[in-house]
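Work out the full structure: start from the sequences and follow the hints.
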Amino acid sequence: MLCSKIIEEIEKAYDRAYGMEGDNVGLLTGRTTREVKYIYVAVDAVGETIQRAKEAGADMLLTHHPIIYGSLRQITDQTALGRNLLYLIENGIPCYALHTNYDVISMAEKASDRLRLVRREVLLPTCEEAGKQMGIGQVGELPEEMLLKDLAAVVKKAFQAEGIRTFGRPEKKIRKVAICPGSGRSALESALKKGADVLITGDIGHHDGLDAMEQGMAVMDAGHYGIEQIFLQDLTEELRRMFPDITVTAEERHSPFFVS
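The sequence shown begins at 54 in my numbering and counts up one residue at a time.
Below, in silico cross-link-like pairs of lysine-lysine (DSSO-like), each with a Cα-Cα straight-line distance of 30 angstroms or less:
id : residue 1 : residue 2
1  : LYS226    : LYS202
2  : LYS226    : LYS163
3  : LYS246    : LYS229
4  : LYS247    : LYS163
5  : LYS225    : LYS202
6  : LYS163    : LYS185
7  : LYS226    : LYS247
8  : LYS229    : LYS185
9  : LYS210    : LYS247
10 : LYS58     : LYS185
11 : LYS225    : LYS247
12 : LYS210    : LYS246
13 : LYS226    : LYS210
14 : LYS209    : LYS226
15 : LYS163    : LYS202
16 : LYS246    : LYS226
Derived from the structure by calculation, the hints contain no laboratory data.
Structure follows, in structure tokens:
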């Protein structure tokens, strides 16, 4: 199937219009006329991932985080990004990113499903579709109240995280949960306003965590490669349904750092 046709079908499900302003989603390198028989799914298009995709025989790389962020003034072999882009181009591997448009349409919903949250609402509204609010993150209630320390164990298991960094008293009672995959700093104010007992996120700064505690809300940092690994499983399954004649493989779960 042509790369252009694959993109057309993907964007029916994950419209780029739902992406946040300034986010670089869509086809970032490659030819739309490329014949694709094998799609490799990854969180980031780093050198090792690109190499694994090529060795696996992939014709297309689909990532969550865009390989090109911000201004790009040159593509040369003098930088890591330049070498990665050249490798993709020279080997004819189109690279496509599904970032905040995927977050709005699917990520928070899938994360909330894993925690079995009920009575959900959008955490950070960005748009409205057929009278329904859509946006980044969700707020909902646990099926039953639990202690913060017990919720941390649930979160670690649900997202297969290496560890959970928690700001808050272990015995704090939790019922209302806000969840924001990725960086959670921009979600703190909204989570507080919506009365969340805890914000679960993929990245939070030390001072932001302390500030939230001072205002009565706990914060859990499950790591970018905890919550956002949902992308690998969810999107791979979706692509296999969409393209039954194309091989779709997700990179093995891993983090770019280790915890000792």
